[in-house]
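Each chain, written out:
2 protein chains.
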Amino acid sequence: MKILIVGAGGAIGKIVTAALKEHEVITVGRNTGTIMADISSETAVENLFKQVSNIDAVICTAGDSATDNLSAMNKAQFMVGIQQKLWPQINLVLAGMQYLNDNGSFTLISGKMGELPVKGSSGKAFVNGAINSFVMAAAQEMPRGIRLNVISPSKVSDIGGDELTEAYVRCLETAINGKIIRIGYNNKR
Amino acid sequence: MKILIVGAGGAIGKIVTAALKEHEVITVGRNTGTIMADISSETAVENLFKQVSNIDAVICTAGDSATDNLSAMNKAQFMVGIQQKLWPQINLVLAGMQYLNDNGSFTLISGKMGELPVKGSSGKAFVNGAINSFVMAAAQEMPRGIRLNVISPSKVSDIGGDELTEAYVRCLETAINGKIIRIGYNNKR
Numbered sequence: 049m050k051i052l053i054v055g056a057g058g059a060i061g062k063i064v065t066a067a068l069k070e071h072e073v074i075t076v077g078r079n080t081g082t083i084m085a086d087i088s089s090e091t092a093v094e095n096l097f098k099q100v101s102n103i104d105a106v107i108c109t110a111g112d113s114a115t116d117n118l119s120a121m122n123k124a125q126f127m128v129g130i131q132q133k134l135w136p137q138i139n140l141v142l143a144g145m146q147y148l149n150d151n152g153s154f155t156l157i158s159g160k161m162g163e164l165p166v167k168g169s170s171g172k173a174f175v176n177g178a179i180n181s182f183v184m185a186a187a188q189e190m191p192r193g194i195r196l197n198v199i200s201p202s203k204v205s206d207i208g209g210d211e212l213t214e215a216y217v218r219c220l221e222t223a224i225n226g227k228i229i230r231i232g233y234n235n236k237r
Numbered sequence: 049m050k051i052l053i054v055g056a057g058g059a060i061g062k063i064v065t066a067a068l069k070e071h072e073v074i075t076v077g078r079n080t081g082t083i084m085a086d087i088s089s090e091t092a093v094e095n096l097f098k099q100v101s102n103i104d105a106v107i108c109t110a111g112d113s114a115t116d117n118l119s120a121m122n123k124a125q126f127m128v129g130i131q132q133k134l135w136p137q138i139n140l141v142l143a144g145m146q147y148l149n150d151n152g153s154f155t156l157i158s159g160k161m162g163e164l165p166v167k168g169s170s171g172k173a174f175v176n177g178a179i180n181s182f183v184m185a186a187a188q189e190m191p192r193g194i195r196l197n198v199i200s201p202s203k204v205s206d207i208g209g210d211e212l213t214e215a216y217v218r219c220l221e222t223a224i225n226g227k228i229i230r231i232g233y234n235n236k237r
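Protein sequences, first through last, are from chains P and V.
Be aware that the first sequence starts at 49, since it is given in my numbering, and climbs by one per residue.
Be aware that the second sequence starts at 49, since it is given in my numbering, and climbs by one per residue.
Warning: the hint list may mix true and false statements.
As the list claims (entries may be wrong) - With a straight-line Cα cutoff of 25 angstroms, these simulated DSS-like cross-link-like pairs (lysine-lysine) come out:
id, chain 1, residue 1, chain 2, residue 2
1, V, Lys203, V, Lys62
2, V, Lys62, V, Lys50
3, P, Lys167, P, Lys123
4, V, Lys50, V, Lys98
5, V, Lys62, P, Lys123
6, P, Lys62, P, Lys203
7, V, Lys123, P, Lys98
8, P, Lys69, P, Lys98
9, P, Lys123, V, Lys203
These are computed hints drawn from the structure, not numbers from a lab.
All of these numbers come straight from a predicted model, not from anything done at the bench.
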């Protein structure tokens with residue numbers, strides 16, 4: 049498969065990139081990677097998909113958010129997660145769904161705080177919740193057999209590389225669509 | 049109780065306002081209500097809480113989002129929900145938590161599409177998911193016994209007024225905190 053990995057230089061990105069080395073992997077980052085592109089820019093993402101043809105899968109393992117104690121949070125901090133984790137991933141899907149090969153897949157990233165938040169996590173939690181709900185909704189409208197799922201990991205230090213790799217392979221190679229894959233936790237509320 | 053109701057002129061707002069008439073209700077809206085205020089403005093919300101003292105509860109029943117078929121959605125449409133439903137409600141909580149009476153409560157609004165989205169709902173779904181996760185996170189950091197919950201209704205035409213009123217009364221009068229109250233659907237995935 050030809051796979052674009054956005055955020056390959058991050059902790060999760062490194063594990064996933066190493067595990068997928070049998071595939072043709074093209075790394076994308078703002079400042080690093082085979083291709084440099086700012087995925088929050090609609091033009092940049094459109095150009096990315098025009099530049100690299102014949103893509104089977106897009107994996108995004110990147111996305112920042114800012115958080116703090118709630119009483120110290122302000123609008124600018126909430127907007128970091130929207131501008132750097134939520135919108136770029138939506139943007140990847142909106143543009144990429146036109147270009148991906150038939151039966152291709154998108155695998156986005158959210159995080160445990162969206163479902164099981166702790167104190168001081170509001171700036172992360174709301175972004176992760178937004179990504180999960182976006183995936184459940186948008187997966188229903190993917191064209192040409194394309195699938196869309198999201199990996200929701202616990203802290204990287206709390207999860208096993210094997211479990212993580214297996215989850216990404218499941219998203220790439222099985223028929224699952226619209227799923228939230230929880231890594232390192234169960235959402236049993 | 050002295051209760052601020054934001055969005056009292058909407059379909060849900062009307063039902064709730066009528067049901068709470070035994071209380072001292074102050075309605076707030078951008079263009080209607082006892083007090084006019086744009087709750088997306090940090091200054092306006094801060095002024096609102098300075099102007100009206102001794103508030104026991106804030107209920108928000110308002111918030112717009114834009115949606116369409118996914119292939120027709122663009123950034124501007126996704127941002128409508130952020131600017132008109134997500135951020136204003138976060139803003140209400142951030143400012144109001146400093147002013148509400150001890151043991152007061154916030155009751156926000158999300159919607160079924162956050163958990164059980166259908167085709168064409170991505171622009172609603174992600175906002176509702178964000179609000180749900182924000183509430184679960186932020187409720188853990190409310191000061192002075194203040195509580196924060198969210199009503200997640202199905203379409204107004206599909207829900208009973210009694211069920212809705214009961215849910216709001218539960219948020220006002222019981223000890224629940226950090227809960228998503230589902231109206232007109234069960235989230236059994």
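Provide an ascending list of the numbers of those earlier hints which the structure does not satisfy.
-> 5 and 9
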